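> Given next are the chains, with one letter for each unit.
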Amino acid sequence: MNQGIGVAGLYVDDQDEALAFYVDKLGFRVHTDVRNGPYRWLTVQHPDQPSFQLGLFAPGTPIHDDATAQTLRAMVAKGAMPPLVLYVDDCKASYARLKARGVEFTQEPVDRYGSVDAGFRDPAGNGWKMIQPAADTK
Amino acid sequence: MAPKTRRTTVLAPSDTGPTPSPALLRRLLRAKDHVDAASHEAWPVKRLAALSGTSEAHFARAFKQAFGLPPHRYLLTRRIEQANTLLRDTDFSITEIAFATGWESVGTFGRIFRDINGRSPGEFRRHARQIPAPLAAMPACVLKAAQRPDLNIAVLEKRRRMANGTVRPSTREGT
Numbered sequence: 001m002n003q004g005i006g007v008a009g010l011y012v013d014d015q016d017e018a019l020a021f022y023v024d025k026l027g028f029r030v031h032t033d034v035r036n037g038p039y040r041w042l043t044v045q046h047p048d049q050p051s052f053q054l055g056l057f058a059p060g061t062p063i064h065d066d067a068t069a070q071t072l073r074a075m076v077a078k079g080a081m082p083p084l085v086l087y088v089d090d091c092k093a094s095y096a097r098l099k100a101r102g103v104e105f106t107q108e109p110v111d112r113y114g115s116v117d118a119g120f121r122d123p124a125g126n127g128w129k130m131i132q133p134a135a136d137t138k
Numbered sequence: 001m002a003p004k005t006r007r008t009t010v011l012a013p014s015d016t017g018p019t020p021s022p023a024l025l026r027r028l029l030r031a032k033d034h035v036d037a038a039s040h041e042a043w044p045v046k047r048l049a050a051l052s053g054t055s056e057a058h059f060a061r062a063f064k065q066a067f068g069l070p071p072h073r074y075l076l077t078r079r080i081e082q083a084n085t086l087l088r089d090t091d092f093s094i095t096e097i098a099f100a101t102g103w104e105s106v107g108t109f110g111r112i113f114r115d116i117n118g119r120s121p122g123e124f125r126r127h128a129r130q131i132p133a134p135l136a137a138m139p140a141c142v143l144k145a146a147q148r149p150d151l152n153i154a155v156l157e158k159r160r161r162m163a164n165g166t167v168r169p170s171t172r173e174g175t
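Listed in order, the protein sequences are those of chains A and B.
Using full-length UniProt numbering, you'd call the opening residue of the first sequence number 1 and step up by one each time.
Using full-length UniProt numbering, you'd call the opening residue of the second sequence number 1 and step up by one each time.
Keep in mind that the hints were calculated from the coordinates and are not lab data.
In this text the structure is predicted, and so the values were computed from the model without any measurement.
In this text, a Cβ means the ideal position worked out from N, Cα and C, and glycines have one as well.
Where hints are given, some of them may not hold.
Capping the alpha-carbon separation at 30 angstroms, the derived lysine-lysine pairs in BS3-like fashion look like this [said to hold, decoys possible]:
{"#": "1", "chain 1": "B", "residue 1": "Lys64", "chain 2": "A", "residue 2": "Lys92"}
{"#": "2", "chain 1": "A", "residue 1": "Lys99", "chain 2": "A", "residue 2": "Lys129"}
{"#": "3", "chain 1": "B", "residue 1": "Lys46", "chain 2": "B", "residue 2": "Lys144"}
{"#": "4", "chain 1": "B", "residue 1": "Lys64", "chain 2": "A", "residue 2": "Lys78"}
{"#": "5", "chain 1": "A", "residue 1": "Lys99", "chain 2": "A", "residue 2": "Lys78"}
{"#": "6", "chain 1": "A", "residue 1": "Lys99", "chain 2": "B", "residue 2": "Lys144"}
{"#": "7", "chain 1": "A", "residue 1": "Lys99", "chain 2": "A", "residue 2": "Lys25"}
{"#": "8", "chain 1": "A", "residue 1": "Lys92", "chain 2": "A", "residue 2": "Lys78"}
{"#": "9", "chain 1": "A", "residue 1": "Lys25", "chain 2": "A", "residue 2": "Lys129"}
{"#": "10", "chain 1": "A", "residue 1": "Lys78", "chain 2": "B", "residue 2": "Lys46"}
{"#": "11", "chain 1": "A", "residue 1": "Lys129", "chain 2": "A", "residue 2": "Lys92"}
{"#": "12", "chain 1": "A", "residue 1": "Lys129", "chain 2": "B", "residue 2": "Lys144"}
{"#": "13", "chain 1": "A", "residue 1": "Lys129", "chain 2": "A", "residue 2": "Lys78"}
{"#": "14", "chain 1": "A", "residue 1": "Lys78", "chain 2": "A", "residue 2": "Lys25"}
{"#": "15", "chain 1": "A", "residue 1": "Lys25", "chain 2": "B", "residue 2": "Lys144"}
{"#": "16", "chain 1": "A", "residue 1": "Lys25", "chain 2": "A", "residue 2": "Lys92"}
{"#": "17", "chain 1": "B", "residue 1": "Lys144", "chain 2": "A", "residue 2": "Lys92"}
{"#": "18", "chain 1": "A", "residue 1": "Lys78", "chain 2": "B", "residue 2": "Lys144"}
{"#": "19", "chain 1": "B", "residue 1": "Lys64", "chain 2": "B", "residue 2": "Lys144"}
{"#": "20", "chain 1": "B", "residue 1": "Lys46", "chain 2": "B", "residue 2": "Lys64"}
{"#": "21", "chain 1": "B", "residue 1": "Lys46", "chain 2": "A", "residue 2": "Lys99"}
Away from chain B, derived, C-beta distances all over 12 angstroms, residues of chain A [unchecked claim]:
{"#": "22", "residue": "His46"}
{"#": "23", "residue": "Ala67"}
{"#": "24", "residue": "Val76"}
{"#": "25", "residue": "Gly79"}
{"#": "26", "residue": "Pro82"}
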């Protein structure tokens, strides 16, 4: 497939910390990690979804002025950014595996009439729902 | 001599102090996440402050500055949200729902619930069940959060003023 969304990004407070989290704990792979002066373009991808890159971007110069960067970093740290959803085959098994790796869960797996979801945050404060879709919607 | 500022004075945005650091906000969020995960539990400021690594004196002020509501009122929004969900989606009795969502008295629950939702719990349940299957494409957990009451409308404050301060707080907060 060569159509569709290629990159969507998150703001994170610290790109090294985010990289360690998404790669070492969640199991993503680095797709691109390049710099242009102080700007670092960093994307990761899920091993099962090579057509999509998730950008891990730090607010700051030269893209943002200081006041804007500070606002963005505060919004992320307050958990105010839009929800993110990760689909998994087995939410309870993924929960156990990720929790053992030190992922900060905000919600244990909850069964909702067939689908199961849990919630976690990345180190910066971005909130993820980890959803195992109901069998009849796959 | 300038008039002495009382602690209860409502502060203008420019008077609320420097913007908290992302690191502090992230720790406040951790306390908020704990309230979200277990809103039926008691959340005295001491317990929340410990989760955030702040002093008790600092916590309530910093929380309100960060999230726009004092911690006890935020807790209330989560309890009402949960009560709404249980009324709509389960057949638990109103008494059971009151205790399951953290109230110690059914009477208090009913009164606060009506203040916020404009209906008694029983009326809310009947009304909610007449509405067709809601918004199935939205994840259930997100839909639930989206139906949380917005207590910036200050309905409770209005009622407290009308009742001339005779209404006890609905939650046991150590503020």
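> Which numbered hints are broken by the structure, listed smallest first?
Checked against the structure, the hints that fail are numbers 1, 23, 24, 25 and 26, while the rest are satisfied.
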